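Turn these sequences into a full structure, and let the hints steer you where they fit.
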Amino acid sequence: MMDRGRIRRSWIAAIAFGSFVMGFHGPVAAFPVDGDQTALPAKTELNEDALDKPREVFRSEAGAGGKSHMINLGNLAFSSPGILGSVARQAGMSCSTCHVNGASNAKFFIPKMSTRPGNFDTTGPLFNPKADNFVLDPVRIPSLRGARYLAPYGHDGRTASLRDFVRNVIVGEFAGPEPSPEIVDAIVAYINDIDFLPNPSLGPAGHLAGQVSDAERRGEALFVKPFPHDPRLSCAGCHVPSAAFVDHQQHDVGSGGLFKTPTLRNADFNAPYFHDGRYDSYDQVVAHFDRVFDLGLSAQDRRDLIAYLTAVGDGVQPYERDGAGAVIKEVNDFTLVLGTAISAKDTTIIALAVDTIGSELRELTERYPDRKNTNVAGGGPERALARTALKDLVLTLRRIEMAATEGRFSEAAADYKNYRYLMVAAVPAVLAGAAPWSLFNPEVHDAHYAALRQVLQAKRTAR
Amino acid sequence: MMDQRCFNSGLSARFLNVGLLLVALLLGAQRADAATLDEVAERYRPYMIEGIGQALAGARNLRASVAAKDLAGAKKAWLSARAGWERSEVFTAGFVPELDAQIDAWPNADTGFHAIEAKLFGAGRTDVDSETDALVDHLSDLHGKLHHMPLTAQGLLDGTTRLVYEVGESKADGGESRISGTSLDDMRNNVAGIRFAYRTIFAEALASADRKLADAVNGRIGELERLVAVADLQHVDIPKLRRASEELVVALQGASTRLGLQRPTLEAASR
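In the order they appear, the protein sequences are chains V and F. According to the working numbering, numbering within the first sequence proceeds without interruption in unit steps and concludes at 463. According to the working numbering, numbering within the second sequence proceeds without interruption in unit steps and concludes at 1271.
By construction, these hints were calculated from the structure, which means they are not laboratory data. Keep in mind that the hints are not guaranteed to be accurate.
[To be verified] For lysine-lysine, the following DSS-like pairs were computed, each having C-alpha atoms within a straight-line distance of at most 30 Å:
#	chain 1	residue 1	chain 2	residue 2
1	F	K1212	V	K417
2	V	K107	V	K43
3	V	K345	F	K1212
[What the hints assert, rightly or not] One-sided and incomplete, this derived list gives chain V residues near chain F with beta-carbon spacing under 7 Å:
#	residue
4	T374
5	A377
6	A384
7	K391
8	L395
9	T396
10	R453
Predicted model, so just to flag it, every value in this text is computed and none were measured. Every residue, glycine too, gets a C-beta built ideally from N, C-alpha and C.
Encoded structure:
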């Protein structure tokens, strides 16, 4: 039985969750996607269990400002499987599955839709059979950092407008229903707010600044130097340092067609490289250009260019540790959208927000394993309290949606107020109390997923 | 299967119905009486004994098949045992939490259903003698307790509500019994257990106290049934299932007040 003394009763009183609780049953969802019954093929890897997530930096938060309603709504829709087609919805996939926190997902892999981790066939058979072009031609999942500087869109630069591009991803690639203009505008606002990670190595006009090594200096000189057999060309001719290292043009660089110039900013974290993700490293990229354009680079030249690219492609704190705090922060942004929608009596957005936030909270619940989980010892009451708190929030959201659907907006507003109150202090405290026994603890995390892999491996071996 | 009609007919049930009606009228507020509901909860006991009985019989057959190194027979017996267990999850976590945790430990348990599942269905091995012995012992222990275990309407409403919430959890990863591929059967058996517990214990009292709410609960259980009545797990509409599950929990939370019970807990409770 539980140790009642270990629970902070003040929390219980504060959040008024009613009677004392013990753990209950429910497997941790979302990873690894395996088995024969899932919406996605066996051996799919969505990398959703990663403990380190790309850090997201917003332009609107750079100064004293904050994210607008439109940006928050866009972020919400970006995280919602509900705007995509049925296969993605079934699998719980959203835009943010591939573009984690607006960056990329180097481990993402779906058999028959990817040829390697980090790429994906946008004209494959799985999500929208009507868009299938009957050839496996995946493209690299790009980071969206700095996307507002990077038009045109698509690896081949086929779409001038980000708005058109987003709409096509939803409807064309993922067979979603026609989105409302407001939703598309919001997603565009969100993407346009995702900034590059700051890079102190870059000064004005994209020149290296600060403490620059000799190798980086030599690399920078090579970068702007005309190609020996075609002086009209240079690396910097296309990757224009003063323009986010792009020229908004498509070029044939011997990779099988015309593709737009990718940015080099934050590119250290954007592998794999080239439109199809064929290369893992700058070393391979430099070797490609050396070969195709007959640059005659020495081993030293290559090392210098790589040093330069690495300096240009850097960014401050590219990853941050996942935890309840990060999830709650994002969910609170989404919750602001819900509040606005309740005031506006906008039942469509209310439903979208409730479904999306509820999914996030259900996933968060499974980060606190129940008492049947064989890999977690201790913290039973704390875990149960965390699970109860999160389930109660999910149900509060559902009550809001049910009330709004029936036109009882004052009830919805009252429940919303209650929800906000719980999310400000009580729930974060409860989750912090259970953190040592959660999957946010690397030891618990690794034990849990190692056990899952072991069980699934047994099945694969037997096949 | 037991004949469910025996619970819904007969003199004692009619007396209970009349009693419930009188209580409702006397209270004026149209709330059912918790003590009376505890008596009604007794109707659930034969179902509980039968469900765990099936699980136990299946586990014993499993032991025999394992001893004979009969993999196909062992799998069949496991599935039968599992079905009995899943129908019973309305009460297991709340009333016998320790046994529940041992019998249904996950993911890489030493004993219990999932330990055996991994070897039988995953590795195609029948060397699960000790695991099966332990499962038979646990289920036998549980079966023995069921005749005298105190049942309360509150506990069964708690268990029903928690199971409803759980049915709405994501199955995108293949669900709980992903190795055997029986996650959809788990869900169907869960929903059958939910339907039976509600109909047997709460339906009449709630209909007397609040017809509209009773209709809403009935309708949403029906929605859950429809959503799991599909060919395979891929065809379960996961977002709709989640919505239906949450709406039913909200309705059952509302029902608790009308029934004179406390609001159901969302994790297995120790009241």
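Evaluation of the provided hints:
{"no.": "1", "hint": "F:K1212 - V:K417", "result": "27 Å, holds"}
{"no.": "2", "hint": "V:K107 - V:K43", "result": "12 Å, holds"}
{"no.": "3", "hint": "V:K345 - F:K1212", "result": "25 Å, holds"}
{"no.": "4", "hint": "T374", "result": "5 Å, holds"}
{"no.": "5", "hint": "A377", "result": "12 Å, violated"}
{"no.": "6", "hint": "A384", "result": "5 Å, holds"}
{"no.": "7", "hint": "K391", "result": "4 Å, holds"}
{"no.": "8", "hint": "L395", "result": "6 Å, holds"}
{"no.": "9", "hint": "T396", "result": "9 Å, violated"}
{"no.": "10", "hint": "R453", "result": "10 Å, violated"}
The structure fails hints 5, 9, 10 (numbered hints given earlier, in ascending order).
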